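J.: Sequence:
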Amino acid sequence: MSFPVLWLYGPSGVGKTTTARAIYTRLSEEDVPVACVDLDQIALMYPAPRWVRPAHVAGVAAVFRAAGAGCLIVSGIGEDSAIVTECAAGIPGASLTVARLRVEPGVLRERFLARGWRPDLLEDALSDAAAYDEAGFGDLLVDGDAPLEEVARKSSVGWPGIVAGTGPVPAESEVDSGRAGIPVTWFTKDGPDLAPGGWTLFEGVRAKEPAAYVDLTQVGRCSAGDPAWILRRNLGVLRAGYARAGAARLVVAGTAEEIATVGGGQ
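Note that my numbering has the sequence shown beginning at 1, numbered continuously upward.
If you're looking for bench data, these hints aren't it; they were derived computationally from the structure. Where hints are given, some of them may not hold.
In the EDC-like style, the derived pairs of lysine to aspartate or glutamate whose C-alpha atoms are separated by at most 16 angstroms in a straight line are [said to hold, decoys possible]:
(1) Lys154 <-> Asp143
(2) Lys189 <-> Glu257
(3) Lys189 <-> Asp215
(4) Lys154 <-> Glu134
As the structure is a prediction and not an experimental result, all values here were calculated from the model.
All chains, please: the whole structure from these sequences, using the hints.
T.: Have a look at this one:
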């Protein structure tokens, strides 16, 4: 059974996540059963063993398919371009399309600095962009400097095509309910302070012991199925994976409703 996977690739700051969410929103409004995940958001452990990304992509993809998603959008870069094919190889029946977003170095510099996050990594992003240009990796090359609607359209031209229905439900032995594994520190806060507050807590925890981080808002984006079930199962995937990777504690941030949904604080 074919499962279309659209992977948005490119340097940090080029607009992968924004474009992925625009495509997801459009397809959702068209009643396409689609899921969307950011690769960085399911590998927030430093250092994360290389196998973590493919294992977590495979795990959340299985949950999304079981919930009824017929296709998946992934944004992210990982260690190198090979990680894209490694991740896709773990998804049964994956039909992979890679769209590489590109902007001129000056535009990338402006976008990266405008984010206000880790400006010290700017030169790495520019170096990555040059390396991607040289390698020419990807099925589609998209000018990321165009209006968002146009970038989203060109990144997903002809995709996903005809999508299939619900996939097999993962067994509990493969994807637990989110309760087994490493201890969890829960964090919630109203409004825009949630993400920075959760990350600050995580930074403090990982200074003392090996730790990983999950933002619940980022791991349940699916237009099909029961949102609560998806969130619980995806947390289970990540918690089990981080435990195998050696994390001693998991910091989980989310709204009060999200944390209640996954049984946090109990």
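J.: If a hint holds in the structure, say so; if it doesn't, say that too.
T.: Cross-check of the supplied hints:
1. Lys154 <-> Asp143: Distance of about 9 angstroms is within 16 angstroms: holds.
2. Lys189 <-> Glu257: 11 angstroms, holds
3. Lys189 <-> Asp215: Measuring from Cα to Cα gives roughly 12 angstroms; hence the hint holds.
4. Lys154 <-> Glu134: 21 angstroms, violated
Comparing the model with each earlier hint shows a violation of hint 4 alone; every other hint is respected.
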